[in-house]
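Asks: Read off the chains here:
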Amino acid sequence: MSMRHKTSAGSRAQGATGGLQALAAPVTLIVLIGVWQLVCSAGLIPAFLLPSPVAVVKALVSDWQLLAGHAATSLIESLAGLALGIVLGFTASVLMDRFETLYRAFYPLVVLTQTIPTVAIAPLLVLWFGYGMLPKVVLIVISTFFPITVGLLDGFRSVDPDAIDLMRSMGATRLQIMRHAKLPAALPHFFSGLKISAAYAIVGAVIAEWLGGFSGLGVYMTRVRKAYSFDKMFAVILLISVMSLVLMWLVGLVRRIAMPWERAERRARR
Amino acid sequence: MARLEVENVSVAFDGLKVLDDVSLVVDSGAAACLLGPSGCGKTTLFHVVAGLSLPDTGRVMLDDADITGHPGKLAYMLQKDLLLPEKTIVDNVSLPLILRGVPRREARAKALEYFDTFGLAGTADRWPAELSGGMRQRAALLRSYLFSQKFMLLDEPFSALDAFTKADMHTWFLDVAERFGTTALMVTHDIDEALEIADVIYVMRGAPQAGEPTRIVGAEHIVCPRGERSGYTLTEEFLEHKRRVLDLLGRG
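So the protein sequences, as listed, match chains X and W. Heads up, the first sequence is in the working numbering, so the first residue is 1 and it goes up one at a time. Heads up, the second sequence is in the working numbering, so the first residue is 1 and it goes up one at a time.
Extracted from the complex, chain X is given alone in its bound form (with noise of 0.2 Å):
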């Protein structure tokens, strides 16, 4: 009886433990936001260096209409070049994971693209293929091209050798093999590399806006700039992070939906 008693109040410590820990992240986030207002109302830094969060929020609401527009073309431009990332990353992965050969000549180029810096290559975009959208959604499928691609041939590999003997046994062709044992294996590793590259993505297009373009929220960026509009620098500063959350939080949903068998397992390892 006392053991139960132990254990219950034991689940409990636990579960307080857990709630708190839960709770560390948005608290810390709480009070560094406060200390800002603090040292911003009390006048201890001047307005123009650092907007304080209250004035940042002014900007975003006042400011909201001509945002959205710029944050619709970069969000765009995002998933234009997710997809397009995540078409030809799967496409070279299932090569690559077909033909030794190809495998040993296009690796190192796969890897080279991750080294490529994108703020270098940005401006040679935009010489190349104009102000338009395809120069920012070449550039976000060059970053997300990497992760997607590495992910998916990792993923591959990872399936027990005995699993294709076994399939193989059963007389299963190349494609059943990738239909069935590799490609629901690699969705792990797919979906982790995804999540790297809706970071990569928003960012990627900003950073392709600021070089020339019409519309975008690096477009708008540059402005406010320009103008010392410190207020409406870190709305958009803001605004972007947001959409980047955003978007590995709808890469995490897609995953849980997509691999209902994460929870089993983990409930089964606890």
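Hint data in this document are derived by calculation from the structure and do not stem from the laboratory. Computed from a predicted structure; not experimentally measured. By construction, the Cβ of each residue, glycine as well, lies at the ideal position given by its N, Cα and C atoms. It is possible that part of the hints are untrue.
Which residues of chain X face chain W? A partial, calculated answer using Cβ under 8 Å [unchecked claim]:
id: 1; residue: T118
id: 2; residue: L166
id: 3; residue: R168
id: 4; residue: A185
Stretch-level coverage of chain W by chain X, calculated; a stretch enters the list once three of its residues show a Cβ under 8 Å from a Cβ in chain X [unchecked claim]:
id: 5; stretch: 45 to 55
id: 6; stretch: 79 to 85
id: 7; stretch: 96 to 106
A short, non-exhaustive set of chain X residues, derived as facing chain W with CB atoms under 10 Å [to be verified]:
id: 8; residue: D162
id: 9; residue: D165
id: 10; residue: M167
id: 11; residue: A181
id: 12; residue: L187
id: 13; residue: M259
id: 14; residue: R263
id: 15; residue: A264
id: 16; residue: E265
id: 17; residue: R269
With chain X fixed as given, assemble chain W onto it according to the hints.
Replies: Chain W only, in chain X's frame:
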């Protein structure tokens, strides 16, 4: 039911001879065990029998057909259950039917017919991670069975289980094999297990890594019918068989 005949199979890897002139027969409806020390080439022989690799010489006959190098003819089950973690139990079990082109709904219905017999009632829509080791092996065995009722190759299927589960699985396996008249060839390095399950035990000896290729050094036929082996391990007859098998292994 089916009769398997392995005729004079020899296999070498990079000049290292692993199997030397291995021949054995498993009669229709019988259960045979391959017994030998670890690393002697039992799994290599199984790969050849399953058609996953080609021997340097010899052939594998199923009934009157030469199946050497042709996978997809015999059900194959390994020590690891190899259930795909991303599929529910019923989808895992019905996989061989789906691979054969049976529509998913039909394949699931066919698999579900056997869930009670294989002790899997209530697990159809669960994930492999949610099942115990014994249950997972049952599911793997049903998957093998659905692939081929005729012949099953079992590569140490129960060796990863604890002693109690293993004993339960032996009883249950004997019952299922009897009921469906399945012919089976099983690899094990557990003499007691072989004596509990098999009609005939083929003893393999050799150490390929030390330059001594593996051969079949003898066969021990168990007289006691498989259905009458409860408490068999305590009999004088069991010990007599065990003594002879140990002699063949060179450990008597």
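Asks: Could you tell me which of the numbered hints above are not met by this structure, giving the numbers in increasing order?
Replies: Violated: hint 1 alone.
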